[in-house]
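Protein sequence lines correspond, in order, to chains L and G. Numbering (our numbering) for the first sequence: 10 to 119. Numbering (our numbering) for the second sequence: 101 to 208.
Calculated from the structure, these hints are not laboratory results. Hints should not be assumed to be uniformly reliable.
What the hints assert, rightly or not - Ranges of calculated distance between the beta carbons of each label pair, as one might list FRET restraints:
| hint | chain 1 | residue 1 | chain 2 | residue 2 | range |
| --- | --- | --- | --- | --- | --- |
| 1 | L | Leu20 | G | Asp157 | 35 to 41 Å |
| 2 | G | Gly116 | L | Pro71 | 24 to 30 Å |
| 3 | G | Asp157 | L | Glu63 | 21 to 27 Å |
| 4 | L | Ala105 | G | Gly158 | 42 to 48 Å |
| 5 | L | Gln27 | G | Asn155 | 41 to 47 Å |
| 6 | G | Asn155 | L | Thr23 | 45 to 51 Å |
To be verified - Covered stretches of chain G (chain L as the covering partner; in silico rule of three or more C-beta atoms under 8 Å from a C-beta of chain L):
| hint | stretch |
| --- | --- |
| 7 | 137-144 |
| 8 | 190-202 |
Think of the CB as a built atom: it goes at the ideal place given N, C-alpha and C, for glycine as much as any other residue.
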Amino acid sequence: ETGVTQSPTHLIKTRGQQVTLRCSSQSGHNTVSWYQQALGQGPQFIFQYYREEENGRGNFPPRFSGLQFPNYSSELNVNALELDDSALYLCASSLAGEQYFGPGTRLTVT
Amino acid sequence: RKEVEQDPGPFNVPEGATVAFNCTYSNSASQSFFWYRQDCRKEPKLLMSVYSSGNEDGRFTAQLNRASQYISLLIRDSKLSDSATYLCVVITGQNFVFGPGTRLSVLP
């Protein structure tokens, strides 16, 4: 096990709602990255946080936002949910490049 | 052209076979490379880093060719438990790009 945990494991929301996903990084890891993985595709990079600051962002709209806390845990917030937001959301923690993933949160938007 | 490309497969091989996957990337400034494996409905797990000098871990060998902008993964003596999707990851600056993955099925 990587020591990276995510909550909740599954979530069902309706279009237009907002959602917050949580991630606890592996002990000692100061960098957290978030990914969206649609069925049958590779993970798509959303953004990365390093020491509580956004440190890189993929091609996702501003309604995807995040936070990192002093203990390096992190949240992903998605506003105004759309049907296409249905996916597995993965967080990964890292210290020196190599990333270790949590089990993911499966979000379904109806 | 996509930033990172992989043959989606599936590769169906018998136990004991040797199988090779390639992954091409478009940005010559990319600086770090990894292979991950992902089992069905599970998270990706780090398999190995990829270096220009090549690196080996048991039955797995990874290679980077910067001139041709591709990385490779060779699996020798395939086991049933190697059945999974293999994802390459290319890092450029702070941008982590996964390939779409190659599915491998090792058959008894």
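Hint check results:
1. L:Leu20 with G:Asp157: 35 to 41 Å: Holds: the Cβ-Cβ distance is about 36 Å, inside 35 to 41 Å.
2. G:Gly116 with L:Pro71: 24 to 30 Å: violated (51 Å)
3. G:Asp157 with L:Glu63: 21 to 27 Å: With Cβ atoms ~34 Å apart, the hint is violated.
4. L:Ala105 with G:Gly158: 42 to 48 Å: violated (23 Å)
5. L:Gln27 with G:Asn155: 41 to 47 Å: Between glutamine 27 of chain L and asparagine 155 of chain G, where Cβ atoms are some 44 Å apart, the hint holds.
6. G:Asn155 with L:Thr23: 45 to 51 Å: holds (48 Å)
7. 137-144: It holds: at least three residues are needed, and the stretch 137-144 of chain G offers 3 whose Cβ sits within less than 8 Å of chain L.
8. 190-202: holds (count 10)
Going through the hint list in order, the structure does not satisfy hints 2, 3, 4.
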